[in-house]
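**Q** Protein chains in written order, with the working numbering: chain A, 1 to 673; chain B, 1 to 243; chain C, 1 to 149.
Warning: the hint list may mix true and false statements.
[Said to hold, decoys possible] Across the chosen pairs, the derived CB separations fall in these ranges:
| hint | chain 1 | residue 1 | chain 2 | residue 2 | range |
| --- | --- | --- | --- | --- | --- |
| 1 | B | G53 | A | A644 | 49 to 59 Å |
| 2 | C | D59 | B | V63 | 24 to 34 Å |
| 3 | B | G223 | A | A24 | 54 to 64 Å |
| 4 | B | A57 | C | D59 | 14 to 24 Å |
| 5 | A | K639 | B | A118 | 44 to 54 Å |
| 6 | A | G651 | B | G53 | 46 to 56 Å |
Calculated from the structure, these hints are not laboratory results. Note that the Cβ used here is the ideal one computed from N, Cα and C, for glycine as well.
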Amino acid sequence: MFDVQTLLILIPALPLAAALATAALGTRLLRDRSHVPVVTALVLSFAASVLLVFQLQERIEERATQPGSSQSAGVEEVVARWSWINVPDAMPHPVDGRVETPGWGNFNIEVSLRADPLTAVMLAMVTCISALVAIYSIGYMRGDPGYWRFFAYVGLFVFSMTMLVSANNFLLLYVFWELVGLCSYLLIGFWYERPAAAAAGKKAFLVNRIGDVGFALGIFLIWTTFGTLDFGGVFQSVGQHAGDWRVTAICLLLLIGACGKSAQFPLHVWLPDAMEGPTPVSALIHAATMVTAGVYMVARCTPLFAAAPDAQYVVAVVGGVTALLGAIIAITQTDLKRILAYSTISHLGYMFVALGTGTLLGITAGMFHLITHAFFKALLFLGAGSVMHAAGGVIDIRRLGGLRRRMPVTYWTFLAGCLSIAGVVPLAGFWSKDAILLSLHDRSGLFGGGLFEILYLTTLLGVVLIDFYMFRPFFLVFHGKEKIPPEAGNHLHESPGSMTAPLVVLAFGSVVVGAYFEWTHGFAHFLSFTPSFECLAQSGHTAIGTADKWRVAAIGSVLTAVGVATAAMLYLGSGKAVARLARAMNVFGLYSLSYGKFFFDPIYNAFVVWPLLSVARLAAWFDCMAIDSLVDRCGRIPKLAGAALRPAQNGLVQFYALAMVFGVLVLLGIMLM
Amino acid sequence: MPDPRHILTLAVLLGAVGLWLMLPRGGARGRAVGAVLGIVALGLWFSQFHGLGQWTADGMFFVLAAIAVVAAVGAVTSRNPVYCAIWFGLSLLGTAGLLLLVGAQFLAVATVLVYAGAILVMFLFVLMVAQPEGKASCDRMSWEAGVSAAAGIAMVGVLSVAIGGILSPSCPAMPPIAPPTQEELAAGVLDPHQVARLGDELFGRRLIAVEVAGTLLLAALVGAAVIVNQFSGRRHDGQQRTV
Amino acid sequence: MHPEIALLNDFLLVGAALFGVGLIGFVSRRNMIVMFLSVEIMLQGVSLSLAAWGRFHNDFGGQALVLFIIAVAACEAAVALALILTLFHRRCSLDIAAWHFLREANQPPFRDAPLPEEPSERLEPWPHLPPAGARPEKFGEEDKYRPKV
Numbered sequence: 001m002f003d004v005q006t007l008l009i010l011i012p013a014l015p016l017a018a019a020l021a022t023a024a025l026g027t028r029l030l031r032d033r034s035h036v037p038v039v040t041a042l043v044l045s046f047a048a049s050v051l052l053v054f055q056l057q058e059r060i061e062e063r064a065t066q067p068g069s070s071q072s073a074g075v076e077e078v079v080a081r082w083s084w085i086n087v088p089d090a091m092p093h094p095v096d097g098r099v100e101t102p103g104w105g106n107f108n109i110e111v112s113l114r115a116d117p118l119t120a121v122m123l124a125m126v127t128c129i130s131a132l133v134a135i136y137s138i139g140y141m142r143g144d145p146g147y148w149r150f151f152a153y154v155g156l157f158v159f160s161m162t163m164l165v166s167a168n169n170f171l172l173l174y175v176f177w178e179l180v181g182l183c184s185y186l187l188i189g190f191w192y193e194r195p196a197a198a199a200a201g202k203k204a205f206l207v208n209r210i211g212d213v214g215f216a217l218g219i220f221l222i223w224t225t226f227g228t229l230d231f232g233g234v235f236q237s238v239g240q241h242a243g244d245w246r247v248t249a250i251c252l253l254l255l256i257g258a259c260g261k262s263a264q265f266p267l268h269v270w271l272p273d274a275m276e277g278p279t280p281v282s283a284l285i286h287a288a289t290m291v292t293a294g295v296y297m298v299a300r301c302t303p304l305f306a307a308a309p310d311a312q313y314v315v316a317v318v319g320g321v322t323a324l325l326g327a328i329i330a331i332t333q334t335d336l337k338r339i340l341a342y343s344t345i346s347h348l349g350y351m352f353v354a355l356g357t358g359t360l361l362g363i364t365a366g367m368f369h370l371i372t373h374a375f376f377k378a379l380l381f382l383g384a385g386s387v388m389h390a391a392g393g394v395i396d397i398r399r400l401g402g403l404r405r406r407m408p409v410t411y412w413t414f415l416a417g418c419l420s421i422a423g424v425v426p427l428a429g430f431w432s433k434d435a436i437l438l439s440l441h442d443r444s445g446l447f448g449g450g451l452f453e454i455l456y457l458t459t460l461l462g463v464v465l466i467d468f469y470m471f472r473p474f475f476l477v478f479h480g481k482e483k484i485p486p487e488a489g490n491h492l493h494e495s496p497g498s499m500t501a502p503l504v505v506l507a508f509g510s511v512v513v514g515a516y517f518e519w520t521h522g523f524a525h526f527l528s529f530t531p532s533f534e535c536l537a538q539s540g541h542t543a544i545g546t547a548d549k550w551r552v553a554a555i556g557s558v559l560t561a562v563g564v565a566t567a568a569m570l571y572l573g574s575g576k577a578v579a580r581l582a583r584a585m586n587v588f589g590l591y592s593l594s595y596g597k598f599f600f601d602p603i604y605n606a607f608v609v610w611p612l613l614s615v616a617r618l619a620a621w622f623d624c625m626a627i628d629s630l631v632d633r634c635g636r637i638p639k640l641a642g643a644a645l646r647p648a649q650n651g652l653v654q655f656y657a658l659a660m661v662f663g664v665l666v667l668l669g670i671m672l673m
Numbered sequence: 001m002p003d004p005r006h007i008l009t010l011a012v013l014l015g016a017v018g019l020w021l022m023l024p025r026g027g028a029r030g031r032a033v034g035a036v037l038g039i040v041a042l043g044l045w046f047s048q049f050h051g052l053g054q055w056t057a058d059g060m061f062f063v064l065a066a067i068a069v070v071a072a073v074g075a076v077t078s079r080n081p082v083y084c085a086i087w088f089g090l091s092l093l094g095t096a097g098l099l100l101l102v103g104a105q106f107l108a109v110a111t112v113l114v115y116a117g118a119i120l121v122m123f124l125f126v127l128m129v130a131q132p133e134g135k136a137s138c139d140r141m142s143w144e145a146g147v148s149a150a151a152g153i154a155m156v157g158v159l160s161v162a163i164g165g166i167l168s169p170s171c172p173a174m175p176p177i178a179p180p181t182q183e184e185l186a187a188g189v190l191d192p193h194q195v196a197r198l199g200d201e202l203f204g205r206r207l208i209a210v211e212v213a214g215t216l217l218l219a220a221l222v223g224a225a226v227i228v229n230q231f232s233g234r235r236h237d238g239q240q241r242t243v
Numbered sequence: 001m002h003p004e005i006a007l008l009n010d011f012l013l014v015g016a017a018l019f020g021v022g023l024i025g026f027v028s029r030r031n032m033i034v035m036f037l038s039v040e041i042m043l044q045g046v047s048l049s050l051a052a053w054g055r056f057h058n059d060f061g062g063q064a065l066v067l068f069i070i071a072v073a074a075c076e077a078a079v080a081l082a083l084i085l086t087l088f089h090r091r092c093s094l095d096i097a098a099w100h101f102l103r104e105a106n107q108p109p110f111r112d113a114p115l116p117e118e119p120s121e122r123l124e125p126w127p128h129l130p131p132a133g134a135r136p137e138k139f140g141e142e143d144k145y146r147p148k149v
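All chains, full assembly: derive it from the sequences and hints.
**A** Take a look at the structure:
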């Protein structure tokens, strides 16, 4: 009954229908029940995604049992519903009917969706997280005047995101890439009455535009190079262009787009500001789903990147720099949501590093981390939202403390999230982090060091920092002396069931999902049947000894313990040690550097925004002084003419009669001539 | 024999100056000079007429034309509106005589009856109601007397030139029309029963136009009554003045 | 020259003269009733021309048209006099220059040039009859009568 094609269409169609219904009926009919259509649709979508995963799994098993078929051949199914753009190469001329062949090839874009393991995994993750977040939002957004608007946006976002991950060509991918950007803008600026929210929305939109320009240029270059925009077509013919500079250029341009969307250095500045949006939005869009679109896109374009190793190095370096940068900044921030935002940036950097290794191990590790990260980061954001909800909107960790007893569910789930993100055995974060470290170790071992050796060490340093910066707010907020901000009133209490239930589910997921996937070896196996990854399977980097595995796991666990212990030592005791350490670090300016977020915003303001503004002001001045005054002067001509002729309209009947007489005289004179 | 154009130009100039002098211009003098100039101009202008061929008819024509034109000038230049009306009546009589001379008997009678008998009396009546004290300041002062006199007389000059040009045998603009002979006229507009013929014409060929004109008269009657009744109640001075 | 053409020429010239004189009156005189009389003079000029043309073409059309002119003039007189009366009631003046509301917003209103002093006419009362049977007290009081209407 539910074959792959139907499911593939159902998954985006349900949220879209729900969003439209909510938008149409929200103000009048639904009001406080605006969540009903969207939540229902998302749950159904999630069910459909799970079914899709099982369908694909069945096919893979069939493939394995069938003798004669190659093990590594991908499993995919493409649904092409209708042709969107169809410009044939040979066109009869509209006037004389001559057939001309300009030679640019048939430009044919179909609205086609694809189902392969990569897409299925992404779909399942997106719909799962969004369903949970939508349920959470029922409690969190209750009573907001824009209640229906929120759910309409969320429905639209899930539609766009599911279409993004199931699109089968670059143009469709780009369209929904933009659409999720729009949803992100709308949801960041959801409380548009607040200037900070409106400004943050604008900033996110503009910074994303920079990346999107790169993405668009990359698509143009793909068209001119390969003559098609279909994933299948491009990836098949990429082998003929190996070593071509254009492939490298395409990859770098696509990377710019991915950097914008996934908040990678140097385009990461929009993500912390995006925390102005409602917390469920931060959890859904700016932690779990939309920001991973860049990772997904790079993973999807693996054949292209595999053909351009230089671009792959750039991916890895960008990821490494971002991972370290985000971790360092996160250490000193005081806003819980911003800490989580920088943590997201850092973890996205990890994923990029993994993708940059260019091995199947690395890419599956990156995707694995994407999934586990989605769980524990959504959990942490929703937990932060729960704290914020209870504390009357206060999110500054210096003003909170000892909430452990007041909010037990939030406390335990947040702890699960922290342990998971820190990579404590055997929680989800451990397995995915371990996989990334292993892939880097593998790569550095293979090529004897250099770049990947440095990256390996960088990520190891990052592991310590992650543990430290995650447990610092945890200890400050939930342990220690009880500090309750006055905004919370005297009734700080646990959040309602609709909010804690998703927390529990996510906490469960954060704990077990990694172990399940790792022990069954299902994830990497399932993902390796993605057709895009065929080119990697043949390169055979995956031979890693058991000793290596144990060594990497041990190193990771030790570093984790070090980080957690440091945080506990500093923040469970008195604050004196912290202050002393901060002073010590500040001798080299490190503390200020971290607290000031490496001064990216002032630097961008000085070197990008200010020059542009100056040019704009100059242009405005020129427009005002030169062009406007010219126009004004031209406008004065009829005015002067009018002033000259105005005395003729003096209202005297006889003047008009006399004018008529002169007119008749002139006419008669002309006739007599 | 001087060039007729020069004579015409001289007549126009003299007429313009004369009329300017005659028009009311505040306390300025010179009406008599203006009258003399006007009569000279009229004479010069008449000298360019062709005449009707018979001295009796010529005499009749020039006397009647002089009456009509001079009385019209008087009507236009008098300071006292009542005199204006009386001069206008005289001009009407001259016009009626000219109409008789051209052979339109019924029109001559109708003009005298309708204009002199009805419209003129109505004017005088309104004048008496509105301005029984005689001259007002607006009657003592013309508006741009010089310019309007020049424009009006220039109009006469241009029309004269145009008429001369059209009726000259060498006019290229018009196809030559054979003038009617006396016999044709006697069978046409100069028929002894011409009033009956005119009646036939009006109530035969032009019946619809006559009906429309009658409707127009009715509408004007109703309109005049409505206008007076509508506004008479809203006078600013509050006096109830019935017409 | 053919006598009929000469006749047409002369009548047209007289008609043009009447038209022009009426035009001068209409343009220069400020009393609304006099302006109206001037318009009637112009109509007379046109009537005369039409009658002459009718004779020249040996057709009654010209005369019929003159009759319509007379009818329309009568209508016009009725409506215009009603309007003039209404206007007069508003301003207590027949001066057309008192009405120039249709001028441009920033144009100054029309102002009369200052009139020189009119040599004063003695406006004496109308003569009254002395009591019957008594001799008038003073003879020769005719010079006190109002000289003109």
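**Q** Compare the structure with each hint and give your call.
**A** Hints, verified against the model:
1. Evaluation of the 49 to 59 Å hint for G53 (chain B) and A644 (chain A) yields a pass: the beta carbon distance comes to about 56 Å.
2. Under the hint 24 to 34 Å, the C-beta atoms of D59 (chain C) and V63 (chain B), about 28 Å apart, fit the expected range.
3. Look at G223 (chain B) against A24 (chain A): about 60 Å separates their beta carbons, and that is inside 54 to 64 Å.
4. At roughly 22 Å, the beta carbons of A57 (chain B) and D59 (chain C) sit within the given window of 14 to 24 Å.
5. The hint said 44 to 54 Å for the Cβ distance between K639 (chain A) and A118 (chain B), and at roughly 52 Å that hint holds.
6. Judged by the Cβ atoms, the range 46 to 56 Å given for G651 (chain A) and G53 (chain B) holds: they are separated by roughly 52 Å.
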